[in-house]
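Q: Protein sequences, first through last, are from chains A and B. Per the working numbering: the first sequence = residues 1 to 347. Per the working numbering: the second sequence = residues 1001 to 1335.
These are calculated hints, taken from the structure and not from any lab test. Hints are supplied without guarantee of correctness; some may be wrong.
Mimicking EDC-like on lysine to aspartate or glutamate, the simulated pairs with C-alpha atoms at most 20 Å apart in a straight line are [claimed, not checked]: (1) B:Lys1290 - B:Asp1301; (2) A:Lys290 - B:Asp1024; (3) A:Lys272 - B:Asp1016; (4) A:Lys272 - B:Asp1024; (5) B:Lys1290 - B:Asp1064; (6) A:Lys272 - A:Glu343; (7) A:Lys272 - B:Asp1064.
Covered by chain A, according to a simulated footprint, are these stretches of chain B (three or more residues, beta-carbon under 8 Å) [as the list claims (entries may be wrong)]: (8) 1105-1117; (9) 1257-1270.
Glycine included, every Cβ here is placed at the ideal spot set by N, Cα and C.
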Amino acid sequence: MDLSAILAPVPVVEFLTSFLGTQHLFVAGDPAKFGSLLSWQQAFDALGHTGTTFTWSGGGAPSNVESFINALNGGATFELDRAETLHSSLGDFSRRLGRELCAPVTTQLRAGCGHWPELQTSCDLLILQIAGARCFNFSSMPDPAVQLRSGDALYLPRACTYSSSSPTEPALELVVSIHTSTSLDLMRWVVELLAKDPSLHAPVPRFQDPAAQVAFVTQLRRTVAATLRAPELLNEYTRALDDNAPSLAGVRPAGSEILNDEANIVLIAPRKLAIRRAGADCAYIVSAGKRLMFPLDAIPLLHFLNDLQDLPVSRFYQEFENNYSQEDLAEFLGVLAANSILEFRSA
Amino acid sequence: MKHPGLGWLPIRLLPDRQPALFEDTPVRWLEFGSTPLDDPFLDQTVAKVRDTSPAAREFVTSQDGLLQLGATLPPVRPAGFIFHISRCGSTLVSNSLRAAPGTQVISESRPSGALLRVCAPVSPYLDARWQRRRHGLLEALFSLYAHYPDGVAKPLIVKFSSIDTMSLPQMRQWWPDVPCLFIVRDPVEVIVSTISTSKGWRSLKDNPPLANEVFGWNGCSADAMTNEEYCARVLGRFMETAASCLSSRTEIVDYEDLNQARLVRIAEFFGLKVPQAEPTIKQLAALYSKDPRGKQPFEDDRARKQASATKEIRLAARTWAMPFYNHIRALPALL
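One chain only, chain A, in its complex shape:
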């Protein structure tokens, strides 16, 4: 499942240009739309997972999914932060969204019935209603109430205040937090850039005459303004963000880390690989802050992996068998795996 499937029928480009960071978006969906992401059984199985908070005053821990749902119906609440560590499909889902949104993405599982207190979002949220229904109330939006049913999705920009309730049945939702950078983050990066300018290491003339102090501030303003006016500022910042995006910790099923002909290759880099020229004969990629160099003839392999993201090893070998030996291809995959660009999973 990717962003296009979550937002359908709203085009992804419309979401990115008209909604992300600016206004909320409700997307109605088929009740089974998010069934492949998570089920009540999987939520119940997560009770023993690290980071789970299950609050219930009604007695012992539920023994099966039915008693789990009954407990929720009776007022219990369930939360699991960093749900992407629960199983590899949620991890892959988070990574894929992070690549599409070019921002770190974390997920939280929430379940419960009844009224939830007012919250203000600290980052952009994409709420996927897996099961049940929840009503969201907004104090300062044109639509004061939005009802989410199974298969619906709701995007809320940062700093949105809302309360919610599931009055009649337990609701299960996956809350995707999109950690987009802010103006403050950009300014911190600009300060790091400016730190390379020797003129900004001059002392502040605290005890000099007004003319000298004004001249100092004027020059400072010009230097900062020149940096902020550069047409390539946001493009370079975006590149730096992508290059240094942290790896998302995944879940590796036991026994599937070894390259073999039956395995699948799964791209786990936090961002789409940006392949850049390093000279006449070589290229580089940057992933999680680490630069890796490659000869030019490795670039078709990188693009192929970037495009497909999840494919059988055999397909990879077949695509390039006329140009490379299988040993060379295996060595190439090994280098990428060792640098957490990809991993192998049993098919």
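Position chain B relative to chain A; hints supplied.
A: Relative to chain A, chain B alone:
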């Protein structure tokens, strides 16, 4: 859906010399506002906008940024393409088409030229991938041009640089139904015009491997050619390439046949209404087409160019260009 970025257009797109390998290259945008794109060349409008006070804003995005902004607009089918061999009245034709009300005419945009540049193959997978990507980038570009400046789609005519003729076969594959005009001229006159310049395709003579790659020369190399032979061979390649992909939606016109009536027929070929604009076409035909001020009178220099052609120019033209020129003039597609 709201269309963001109205009034902004890409002005520079510098792909890597092997764009199939490296797509992470920047696109530079300029805020045109609502400045009409009515200068003979888009570069002239860019210079004019950059010269305003306060300075027009500029911005840099990735190629993906161009694709994304183009995707916010409905796709367009251009009303027509103009290809040519250089110094053959193509600017007069594009200027005259601006007389058709509501028509957007883009003349020799650098971003489209950058995307049409012919490159040596790299690998089947990457070449196919780059073809898809640059098709998408061109579609985005054409959408932005057609919807400039107000978000309302206008008939779009795109005139390309002469060197873009080498990509004419690919353009016919991508847009087979778009009317396409190919303008030719006596190669002797074109060589006389271009032999002392160092711009455009003339400058490639100083980069023989690139010239060989662009013009598809095997067995001969630009550095072994005289200037006359180089010019004649290039013109021959332009005409040979155009002749190889003619279709029912292609017309050819010769510079010597360009007159007011022919200009009106060209507009009709592109589906543009020009009856009210005919007096304007007459005025345009009397002016030097490349003057952005629209004041310099047109001078018919054919006789002067023929008279000044050296015997080296005539020999080179006869050997490398005239066969293709005579062939193309004999085709039924001649307008």
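Q: Does each hint hold? Answer for all of them.
A: Status of each hint after checking the structure:
Distance restraint check for Lys1290 (chain B) and Asp1301 (chain B): the Cα-Cα separation of roughly 15 Å lies within the 20 Å cut-off, and the hinted pair is therefore satisfied. Restraint check for Lys290 (chain A) and Asp1024 (chain B): the C-alpha separation of about 18 Å stays at or below 20 Å, so the hint holds. The suggested pairing of Lys272 (chain A) with Asp1016 (chain B) holds, with an alpha-carbon distance near 19 Å, which does not exceed 20 Å. For the given pair, Lys272 (chain A) sits about 11 Å from Asp1024 (chain B) by alpha-carbon distance, which is consistent with the 20 Å threshold.
A distance of roughly 34 Å separates the Cα atoms of Lys1290 (chain B) and Asp1064 (chain B); the hinted pair therefore is violated under the 20 Å criterion. Distance check on the hinted pair: Lys272 (chain A) and Glu343 (chain A) sit about 15 Å apart at the alpha-carbon level, within 20 Å; holds. Distance check on the hinted pair: Lys272 (chain A) and Asp1064 (chain B) sit about 12 Å apart at the alpha-carbon level, within 20 Å; holds. Counting residues of the region 1105-1117 of chain B whose beta carbon lies closer than 8 Å to any beta carbon of chain A gives 0, which falls short of the minimum of three for the stated coverage.
With 0 residues having a beta carbon nearer than 8 Å to a beta carbon of chain A, the region 1257-1270 of chain B misses the requirement of three or more and the stated coverage is violated.
In terms of the numbered hints stated before, the structure departs from hints 5, 8 and 9, listed from lowest to highest.
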